[in-house]
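Work the whole structure out from these sequences, hints included.
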Amino acid sequence: AQKVTQAQTEISVVEKEDVTLDCVYETRDTTYYLFWYKQPPSGELVFLIRRNSFDEQNEISGRYSWNFQKSTSSFNFTITASQVVDSAVYFCALSEERYNQGGKLIFGQGTELSVKP
Amino acid sequence: DVKVTQSSRYLVKRTGEKVFLECVQDMDHENMFWYRQDPGLGLRLIYFSYDVKMKEKGDIPEGYSVSREKKERFSLILESASTNQTSMYLCASSPDPSTDTQYFGPGTRLTVL
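If you're matching them up, the sequences are chains A and B in order. The first sequence begins at 4 in my numbering and counts up one residue at a time. The second sequence begins at 31 in my numbering and counts up one residue at a time.
There are no misleading hints in this set.
If you want a taste of the chain B side facing chain A, the calculated C-beta under 7 angstroms gives, among others: (1) G70; (2) G72; (3) F134.
Treat the hints as calculated values from the structure; they're not laboratory data. Backbone N, C-alpha and C fix where the C-beta goes; we use that ideal spot for every residue, glycine too.
Listed below in structure tokens is the structure:
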């Protein structure tokens, strides 16, 4: 069965600290996609990244970086030099390739990140 | 930019009322989704649609129905609202199954009294 686990419910850091959000997933499929979304206090989920199961290259985008390791079924997200504007709930999600399934996403429980000045 | 809009940000209804939540996307996306978000549970899929007049049950469809008469609009219906349907409701759309990335609306916080 598909499952996404974000074990960290809440994280609090001080501005400029680095912080890593953990994501562990379960799937039996060999083809799947992993996502991270950010939900700021305004409520709208903002897409951050999509990764397919065949691409294990780490990705860096500004202060954001993602570490995908199939061996441990993990897709962790690191924010370097955190800022107050990074305060949000972050969701990791999994999608399996299924015809006419519309790309159903399975979400983790979310990690609430609080960055204090 | 993809734009997904939801008819209300906040809604208060009474038990037993029929409730309509509307979602509109302006990017000609094939697929649309309705989720509910509850603390500690993340987002759970209620229904989705991959074409006009097509619908599929998600993980928690009980107590809900949907309507998709036009490609850009996907409505979630609570036939008889109950207090356990108090939640944040999020609509999303995506271009096609192969790309999978979903784009979300701002959400509707529904309170059922």
